[in-house]
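*Asks:* Residue-level listing of the chains:
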Amino acid sequence: GNSVTQMEGPVTLSEEAFLTINCTYTATGYPSLFWYVQYPGEGLQLLLKATKADDKGSNKGFEATYRKETTSFHLEKGSVQVSDSAVYFCALSGGSYIPTFGRGTSLIVHP
Amino acid sequence: NAGVTQTPKFRVLKTGQSMTLLCAQDMNHEYMYWYRQDPGMGLRLIHYSVGEGTTAKGEVPDGYNVSRLKKQNFLLGLESAAPSQTSVYFCASLPLGQGGTYEQYFGPGTRLTVT
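Each protein sequence line maps, in turn, to chains A and B. Numbers 1 to 111, taken from the numbering used here, label the letters of the first sequence in order. Numbers 1 to 115, taken from the numbering used here, label the letters of the second sequence in order.
Derived Cβ-Cβ restraints for the label pairs, each shown as a range: (1) A:Ala-53 - B:Ala-2: 32 to 40 angstroms; (2) A:Glu-15 - B:Ala-2: 29 to 37 angstroms; (3) B:Leu-69 - A:Gly-9: 35 to 43 angstroms; (4) A:Asp-54 - B:Glu-52: 33 to 41 angstroms; (5) B:Val-50 - A:Pro-111: 44 to 52 angstroms; (6) A:Phe-18 - B:Ser-84: 35 to 43 angstroms; (7) A:Glu-42 - B:Met-41: 16 to 24 angstroms; (8) A:Asp-54 - B:Thr-15: 48 to 56 angstroms; (9) B:Asp-62 - A:Ser-58: 34 to 42 angstroms; (10) B:Gln-17 - A:Ser-79: 44 to 52 angstroms; (11) A:Ser-79 - B:Val-50: 39 to 47 angstroms; (12) B:Gly-97 - A:Asp-55: 17 to 25 angstroms.
Derived SDA-like pairs (lysine to any residue); straight-line CA-CA distance at most 20 angstroms: (13) B:Lys-71 - A:Ile-98; (14) A:Lys-52 - B:Tyr-102; (15) B:Lys-9 - A:Gly-41; (16) A:Lys-68 - A:Thr-28; (17) B:Lys-57 - A:Ser-3; (18) A:Lys-52 - B:Thr-101; (19) B:Lys-71 - A:Tyr-97; (20) A:Lys-52 - B:Gly-97; (21) A:Lys-56 - B:Tyr-102; (22) B:Lys-57 - A:Ser-96; (23) A:Lys-68 - B:Thr-101; (24) B:Lys-9 - A:Glu-42; (25) B:Lys-57 - A:Gly-95; (26) B:Lys-57 - A:Tyr-97; (27) B:Lys-9 - A:Tyr-39; (28) B:Lys-57 - A:Ile-98; (29) B:Lys-57 - A:Gly-94; (30) A:Lys-56 - B:Thr-101; (31) B:Lys-57 - A:Asn-2; (32) B:Lys-57 - A:Thr-100; (33) B:Lys-57 - A:Gly-1; (34) B:Lys-9 - A:Pro-40; (35) B:Lys-71 - B:Leu-22; (36) A:Lys-52 - B:Leu-96; (37) A:Lys-60 - A:Ser-14; (38) B:Lys-9 - A:Gln-45; (39) A:Lys-60 - A:His-74.
Quick caveat, the hints were computed from the structure, so don't treat them as lab data. For every residue, glycine included, the Cβ atom is placed at its ideal position computed from N, Cα and C.
Could you build all of it, start to finish, from the sequences and the hints given here?
*Replies:* Okay, here's the thing in structure tokens:
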């Protein structure tokens with residue numbers, strides 16, 4: 001079956017530091033890949049997505065590239081802000097309409 | 001567009017009581033889902049629906065029932081609440097089409113405590 005593995009947190013950074021959150025997946029076929037963000041006390045919302053190999057999703061300074069050869073979709077941001085503190089979820093959708101989520105990675109950014 | 005809304009936002013139940021959580025979406029989405037989120041466990045799928053009048057079990061369905069009598073609403077019921085059902089519950093919806101390339105839309109959550 002499908003699975004998503006993402007690095008455990010919390011990830012603690014200082015403001016303006018570089019962020020990488022690793023995500024690897026196992027799936028048959030050609031899934032779509034997503035990063036969702038959950039701010040404190042809120043529901044998940046889409047951050048970015050990529051629907052085919054080598055696509056790069058980007059939003060709010062975050063980027064992730066769909067790497068089929070390494071089955072990865074790592075999230076990066078060049079300079080994090082305190083307001084980026086949240087939980088980040090990597091997910092895939094393999095066409096069955098039952099998405100598979102990673103366990104989430106908490107990011108804490110200090111001023 | 002209100003998107004996905006959930007009622008109530010917070011609730012405290014005593015063991016053995018029952019309650020219904022309501023999820024509503026105004027985007028005409030075909031698919032709807034109920035998840036629970038517990039610390040360190042990520043999101044776990046309770047039940048889902050692929051259309052009006054249909055429901056199916058997810059990963060952790062025991063102790064819950066659901067109904068989707070109208071396309072825009074998805075109800076989650078707890079018949080006899082237990083402390084293990086203390087959690088944050090999220091509803092989500094997804095539009096039909098294009099082999100899973102669309103993202104889910106989530107509600108703001110319901111925080112339930114069972115004492």
